[in-house]
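Can you make the complete structure from the sequences, with help from the hints?
Heads up: the protein sequence lines correspond to chains A and B, in order. For reference, each letter of the first sequence is one residue, going 1 to 333 in the working numbering. For reference, each letter of the second sequence is one residue, going 1 to 460 in the working numbering.
Note that these hints are calculated values from the structure, not bench results. One should not assume that every hint holds.
[To be verified] Result set (EDC-like, lysine to aspartate or glutamate): computed pairs, CA atoms no more than 16 Å apart in a straight line:
(1) B:Lys429 <-> A:Asp330
(2) A:Lys263 <-> B:Glu40
(3) B:Lys429 <-> A:Glu326
(4) A:Lys303 <-> B:Glu53
(5) A:Lys37 <-> B:Asp52
(6) A:Lys303 <-> A:Glu23
(7) B:Lys441 <-> A:Glu326
(8) A:Lys263 <-> B:Glu167
(9) A:Lys306 <-> B:Asp52
(10) A:Lys92 <-> A:Glu102
(11) A:Lys241 <-> A:Asp147
(12) A:Lys263 <-> B:Glu38
(13) A:Lys69 <-> A:Glu235
(14) A:Lys69 <-> A:Glu228
(15) A:Lys306 <-> B:Glu53
(16) B:Lys69 <-> B:Glu38
(17) A:Lys241 <-> A:Glu209
(18) B:Lys173 <-> B:Asp189
(19) A:Lys37 <-> B:Glu53
(20) B:Lys58 <-> B:Asp28
(21) B:Lys441 <-> A:Glu321
(22) A:Lys263 <-> B:Glu49
(23) A:Lys241 <-> A:Glu231
(24) A:Lys303 <-> B:Asp52
(25) A:Lys263 <-> B:Glu47
(26) B:Lys429 <-> A:Glu325
(27) B:Lys441 <-> A:Glu325
(28) B:Lys25 <-> B:Glu38
(29) A:Lys118 <-> A:Asp90
(30) B:Lys173 <-> A:Asp260
(31) B:Lys429 <-> B:Glu449
(32) A:Lys299 <-> A:Glu23
(33) A:Lys272 <-> B:Asp34
(34) A:Lys37 <-> B:Glu49
(35) B:Lys58 <-> B:Glu79
(36) B:Lys360 <-> B:Glu335
(37) B:Lys455 <-> B:Glu357
(38) A:Lys120 <-> A:Asp90
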Amino acid sequence: MAARKSAPKKTAKSNTSKEELLEYYREMLLIRRFEEKSGQLYGMGLIGGFCHLYIGQEAVVVGLEAAAKEGDKRLTSYRDHGHMLACGMDPKGVMAELTGREGGYSRGKGGSMHMFSKEKHFYGGHGIVGAQVPIGTGLAFADKYLDNGGVTFAYFGDGAANQGQVYESFNMASLWELPVIYVIENNQYAMGTSLQRASSTPDIYTRGEAFGIPGEAVDGMDVMAVKEAGERATEHCRSGKGPYILEMKTYRYRGHSMSDPAKYRTREEVQKVREERDAIEHVRELLLQGKHTSEDDLKAIDKEIKAVVNDAAEFSKTSPEPALEELWTDIYA
Amino acid sequence: MATEVLMPALSPTMEEGTLAKWLVKEGDEVQSGDILAEIETDKATMEFEAVDEGTIGKILIAEGTEGVKVNTPIAVMIEDGESADDIAAASAPAATPAPEAAAPVAEAPAAAPVAAQPITPVVAADPEVPEGTEMRSTTVREALRDAMAEEMRSDDTVFLMGEEVAEYQGAYKVSQGLLDEFGAKRVIDTPITEHGFAGLATGAAFGGLKPIVEFMTFNFAMQAIDHIINTAAKTRYMSGGQMSCPIVFRGPNGAAARVGAQHSQDYAAWYAQIPGLYVAMPYSAADAKGLLKTAIREENPVVFLENELLYGQSFDVPVMDDYAIPFGKARIWREGSDVTIVSFGIGMKYALEAADELAKEGISAEVIDLRTLRPIDYDTVVNSVMKTNRCITVEEGWPVASIGNHITAQIMERAFDYLDAPVINLTGKDVPMPYAANLEKLALVTTAEVIQAAKAVTYR
Ligand SMILES: Cc1ncc(C[n+]2csc(CCOP(=O)(O)OP(=O)(O)O)c2C)c(N)n1
Ligand SMILES: [Mg+2]
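Now the structure itself:
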């Protein structure tokens with residue numbers, strides 16, 4: 001099956017309802033404000049270690065979650081806060097994990113990179129680049145084995161796309177027709193290495209061709225285009241045709257992690273994407289232009305989100321550190 | 001309401017930095033995302049962005065100020081309608097650090113066990129260094145870079161390969177300047193494909209080159225461990241001695257600060273088990289340099305275990321044309337008569353600190369740094385134990401099948417009759433590394449534990 005580029009660039013605005021757009025706006029804004037707050041708490045020393053912000057990439061998870069059904073699974077790398085918020089995990093529990101407190105999703109033991117929620121079918125938070133790809137393939141293997149109709153979204157980066165285990169996974173997934181969607185979040189950099197400097201081809205979505213996996217490139221800054229691509233992919237998987245690849249063309253605005261001086265790209269490059277392609281601004285304009293939404297309506301949402309994020313931050317500061325005995329628990333079942 | 005802008009922590013181990021440059025001035029309006037200032041840490045210069053929008057009411061710390069502690073107020077932002085005059089009283093510089101800032105500041109040193117602590121300036125006599133040699137204070141980071149640069153200058157077949165080693169100058173800035181000096185043919189950025197490039201470099205070693213492979217951290221070498229053990233270490237044997245594999249696998253190993261279970265573990269005992277490998281794990285900058293030079297010249301594969309938390313530490317390094325340290329020779333950092341403390345790598349920090357404290361209480365500890373874990377200098381350890389009759393071992397790795405266990409077995413075989421107390425092995429706790437600050441502290445071996453163990457074996 002051939003790989004293809006997504007059809008027209010900006011799609012389907014007209015048939016997206018105001019309610020739907022407002023929902024996207026709210027969810028994307030929640031992620032952005034949450035991440036800004038995380039950055040702030042990191043600067044204050046309340047969050048330690050590595051902390052990888054998702055700012056700029058919000059449309060990817062929000063669009064794909066809109067295409068997912070209850071029971072579908074997802075997993076990703078260490079850049080995971082956005083995925084957790086988008087699948088409905090509680091901002092308080094996520095933020096408290098960032099600060100390493102008892103109220104966090106892993107009770108403070110996992111940290112920013114390692115969080116899970118069985119309830120929301122979120123299978124992590126993985127610190128080793130590429131490792132989540134075969135794991136996601138295995139979740140799909142289980143779904144097919146159990147014949148439960150579930151689909152797994154396995155997210156990974158453009159850098160991770162160079163790990164050998166990705167191709168070992170592609171082969172098995174195609175061979176056994178597993179219901180897994182490989183979502184490549186191509187934000188153009190793996191730490192300080194641009195895609196051109198690391199990949200022999202600029203089009204990662206074509207890398208499934210040799211295994212017979214269809215792939216498409218999608219404007220990952222356009223939440224509606226993402227949702228539509230997600231629907232095509234889930235439909236393909238649910239109808240038993242095996243895996244599907246979505247390469248999301250996106251961009252990260254912040255450094256790789258908090259301690260990245262980001263000398264490998266110019267301020268202007270970042271600024272240009274922010275000004276011309278920002279996913280939240282895009283939806284905001286649509287709402288203001290054709291959908292009878294006022295500045296005040298949006299301001300009210302902004303305020304609401306700010307309150308949610310402030311509550312989460314407050315909770316993450318006041319939730320106690322884990323009890324000392326916790327050092328020894330959860331090692332074996 | 002006026003809000004204080006605090007000196008940010010820009011890396012897991014940062015405690016203070018230089019406020020290099022202000023990019024805004026008082027009265028400027030800023031948006032979230034605008035760059036406020038440039039801040040220098042020992043690793044890099046970072047841009048510091050505004051989180052909220054507002055107006056810069058007052059700049060509290062002038063540019064060029066060094067040693068600004070994390071969380072010190074550096075400026076005050078005001079909102080519409082406020083004037084800079086209003087804030088003078090509201091936030092006199094550093095009068096009351098933001099209340100929420102107080103806790104993390106107190107916690108910071110624990111999160112970064114070694115940062116900013118002076119190293120005991122004792123450098124034990126080094127037989128390789130002629131008396132009167134000039135000493136220069138050098139960080140471990142610079143020492144490693146100098147070793148690579150010197151060996152690359154003298155041997156064209158030596159090259160460096162790894163993730164972010166070239167243009168980014170190393171994820172931890174160890175390869176700083178090497179791309180400039182040696183060019184892209186010899187300082188090579190790889191894709192994130194550890195298994196692939198470790199295998200490729202091993203093949204290049206068979207093909208006549210001398211690769212230095214940097215793993216961004218040794219946690220990621222697990223992707224590549226098959227080639228390290230099954231290919232690099234065994235091929236000489238399997239080929240009946242025809243093929244050698246002159247390669248160095250190097251990078252930071254062991255716990256870093258607050259990075260959780262997958263990024264914080266010590267592989268010393270893992271690699272030390274493998275026949276066909278050499279394993280070095282330096283503590284000081286001088287040993288980092290001298291051992292790395294030896295590693296690069298070796299005809300055998302060497303696993304070279306560094307430590308992120310030690311990179312920024314300074315030690316005296318002898319100024320010599322060619323300072324190479326042989327493998328298999330321990331360094332006695334401190335002579336003593338009551339108890340032998342055996343350690344290596346960052347464990348030495350706790351061992352030396354404990355020895356200082358013990359001396360104050362009249363317990364004289366002899367502190368031995370193994371420096372290489374394969375080969376191990378058993379003689380130095382055994383001779384010391386024959387003198388002190390007591391021994392404790394200190395390492396960061398897990399307790400089961402630790403280096404300390406192995407040393408203890410050797411002591412039992414060779415010096416059983418000399419022991420006046422059972423040997424105690426101090427290690428990291430038998431758990432994956434937790435993220436929470438309080439739990440992480442508990443998981444690591446501490447100076448206090450070393451002191452306690454020394455007292456236990458000396459029955460004090
Ligand atoms: C196996 C492995 N190698 C290296 C690293 C260090 N590392 C963490 S993130 C990263 C870059 C990954 O880039 P990409 O896959 O594009 O994801 P992004 O960070 O852009 O989301 C690297 C090299 C790691 N965590 N695991
Ligand atoms: Mg990337």
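Hints versus structure:
1. B:Lys429 <-> A:Asp330: Distance of about 14 Å is within 16 Å: holds.
2. A:Lys263 <-> B:Glu40: The given pair, whose Cα atoms are some 14 Å apart, holds under the 16 Å limit.
3. B:Lys429 <-> A:Glu326: With Cα atoms ~13 Å apart, B:Lys429 and A:Glu326 stay inside 16 Å; holds.
4. A:Lys303 <-> B:Glu53: holds (15 Å)
5. A:Lys37 <-> B:Asp52: holds (10 Å)
6. A:Lys303 <-> A:Glu23: holds (15 Å)
7. B:Lys441 <-> A:Glu326: Roughly 13 Å between the alpha carbons, so the hint for B:Lys441 and A:Glu326 holds.
8. A:Lys263 <-> B:Glu167: Given pair A:Lys263, B:Glu167 holds - Cα atoms ~9 Å apart, limit 16 Å.
9. A:Lys306 <-> B:Asp52: With Cα atoms ~12 Å apart, A:Lys306 and B:Asp52 stay inside 16 Å; holds.
10. A:Lys92 <-> A:Glu102: At roughly 11 Å apart (the allowed maximum being 16 Å), A:Glu102 and A:Lys92 satisfy the hint.
11. A:Lys241 <-> A:Asp147: holds (14 Å)
12. A:Lys263 <-> B:Glu38: holds (13 Å)
13. A:Lys69 <-> A:Glu235: holds (11 Å)
14. A:Lys69 <-> A:Glu228: Holds: A:Lys69 and A:Glu228 sit about 14 Å apart, inside 16 Å.
15. A:Lys306 <-> B:Glu53: Roughly 14 Å separates the two Cα atoms, so the pair holds.
16. B:Lys69 <-> B:Glu38: Since the Cα atoms of B:Lys69 and B:Glu38 sit roughly 15 Å apart, the hinted pair holds (cutoff 16 Å).
17. A:Lys241 <-> A:Glu209: holds (15 Å)
18. B:Lys173 <-> B:Asp189: With a Cα-Cα distance of about 14 Å, the restraint between B:Lys173 and B:Asp189 holds, given a limit of 16 Å.
19. A:Lys37 <-> B:Glu53: holds (13 Å)
20. B:Lys58 <-> B:Asp28: holds (10 Å)
21. B:Lys441 <-> A:Glu321: holds (12 Å)
22. A:Lys263 <-> B:Glu49: Holds: A:Lys263 and B:Glu49 sit about 15 Å apart, inside 16 Å.
23. A:Lys241 <-> A:Glu231: The given pair, whose Cα atoms are some 14 Å apart, holds under the 16 Å limit.
24. A:Lys303 <-> B:Asp52: holds (14 Å)
25. A:Lys263 <-> B:Glu47: Since the Cα atoms of A:Lys263 and B:Glu47 sit roughly 10 Å apart, the hinted pair holds (cutoff 16 Å).
26. B:Lys429 <-> A:Glu325: This hinted pair holds, its Cα atoms lying about 13 Å apart.
27. B:Lys441 <-> A:Glu325: holds (13 Å)
28. B:Lys25 <-> B:Glu38: holds (13 Å)
29. A:Lys118 <-> A:Asp90: With Cα atoms ~13 Å apart, A:Lys118 and A:Asp90 stay inside 16 Å; holds.
30. B:Lys173 <-> A:Asp260: Distance ~11 Å between B:Lys173 and A:Asp260 Cα, so the pair holds.
31. B:Lys429 <-> B:Glu449: holds (12 Å)
32. A:Lys299 <-> A:Glu23: holds (14 Å)
33. A:Lys272 <-> B:Asp34: holds (14 Å)
34. A:Lys37 <-> B:Glu49: Measuring from Cα to Cα gives roughly 13 Å; hence the hint holds.
35. B:Lys58 <-> B:Glu79: This hinted pair holds, its Cα atoms lying about 12 Å apart.
36. B:Lys360 <-> B:Glu335: Holds, at roughly 15 Å.
37. B:Lys455 <-> B:Glu357: Holds, at roughly 11 Å.
38. A:Lys120 <-> A:Asp90: Status holds; Cα separation ~10 Å.
Checked against the numbered hints given earlier, this structure breaks none of them.
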